[in-house]
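**Student:** Anchor point for the sequence shown: position 75 equals 75 in UniProt numbering, and the numbering is continuous, going up by one each time.
Quick caveat, the hints were computed from the structure, so don't treat them as lab data. Watch out, some of these pointers could steer you wrong.
PhoX-like mimics (lysine-lysine), calculated; alpha carbons at most 25 angstroms apart, straight line [claimed, not checked]: (1) Lys-472 - Lys-512; (2) Lys-472 - Lys-238; (3) Lys-442 - Lys-472; (4) Lys-442 - Lys-512.
Just so you know, these numbers come straight off a predicted model, no measurement behind them.
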Amino acid sequence: MSTDKSAPWPAPWYVEMFLAIGGWLAGIFAAIAIFAIGVAIAGDFKSGGQDIAVCLIALLFGGGFIALGVFVGGPQKGDFARHFGISCIAAGLTAATFAVWYLAFKIFDAGGAPEATAIGSGGLCAAAMLAAAGFFLTRRVRDGILSFLTALAVYGVAVAALIVLHADDGIGWHSDHYATAAAAAFGAWLFARAEPGSVRQPAGAALLIGPVIYYTLITSFPALASGGDIHTHWLIAKIAFIASALYCLWLLRARYAPAPLAAASTLLIAGIWVLPNAGGVAILALLAAFAANHRGLAAVAVVGVIWFISRFYYDLSMTLLEKSALLAALGAATLGGAFFFRRLSKDSAGGEAQSGGGAQRNWLAILGFAALLALACAYVNYSVMRLENAFAEARRIYLPLGPVDPRSLIQGDYMTLNYRNTAYPPSQEIGALPRTGEVFLKLDENAVASFSRIPGENDVLDTDEIRIDYIKTADARMRYAPESYFFQEGEAHIYQPAHFAIVLVAPDGRAKLTGLADENLARLGEPN
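Given these sequences and hints, build the entire structure.
**Tutor:** This is the structure:
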């Protein structure tokens, strides 16, 4: 008999996870209180040797909180006892993690390691301690919520440490990218292989959700990523995701006919390949949910895909053609997922009708999914409002264009925009820049833009300059705005005289293509 199976509880872990967030946050505040007690006992934190004493006191109190949580918690206890136990364990683990991180940092720092290397190495030691403690505690307490939260915390601490470790002269080999790909692949394997009710399932779900958060953060805040060869990172991540997806599909071979399974597999793997990594992990999570016959993770993955679409729709750095291709791939993957979900619903309907408390769990799952969907819709609305507010104070600039030739496509006419080199840095400088960032453009009296300089960390704009975000393409070119402009069929002659692209630039550097202008800066196709 497996030793990691937990006793049944009324609500699924993915519903109780939301209820437990409050307890986990309370535990973090309790961890802060533990350090405050340590400072009060040991004295001034910054004076000689007192910082070590504070950390040792935090370790002692953290161990006491963990022992208390293990004693009062567990799925066999009442709801209050369970969540109080989780709060105590969270407080103890949080205090112990930061104490170990600081103590390890002091050891590496005393050995002469650079500061970032000492911090990153200390973080890896803390992640190892947290992983070992979390493994022991989840098997001792046998609580799915604790398993989910500790696995997510281990992943977060490890990736943060790897990012910091890379800050010193490239030490770390961009391993946060590789660790994230490995975590997602391992999470899918763990979730699909675990028995129902096992604490391994929540841990696997955490290792699938964590990479989605990671890829979203480094997309929104590129400075968080360790950089490196983006194509190598992309290829390794795709290989890991597809290998895990094939494993999940292999587990489904006995449940579906070969022909439709092969067709759906092709669509889903194509979706993983062409979508950005966050969308690929969402599809992988969906496959793991089907392999484990688990509607909860499937609902989370569907909401993740919806959230991904909302982010993707407002990405102004991509052309309409690129978005169309990716959305077509996403639609194909969604059709394959819909086929799987329909079969899964039929297969699981009978089993749920016979199981005790199935109706209650179904309602809880529906409420949990509705809450996730509401959060996704709220995020979409927030994204729209933030975008509108950002461009409410945007400045209009004109980017010079080279010769343009309209071409006809099936759905209408479009013009490829060839921006002049005067708007960009020299090609040798572009090659050394990160994939995303910002540059300063100089504006003349008519707001015609030309390249000015690549800003340093603390550079400020001159009065005749403007900040604009860029993205570096696969062929080492720089792009500020879309390189295609669409118009109604039959209007190609109107836009033939285009000499400038009209671009709105928000104060934060985001750019939006709004039209084309002739050599006199008059807007084409519309009144000025």
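**Student:** Kindly indicate which numbered hints from before are broken by the structure, ordering the numbers from low to high.
**Tutor:** Of the numbered hints given earlier, the structure breaks none, since each of them holds.
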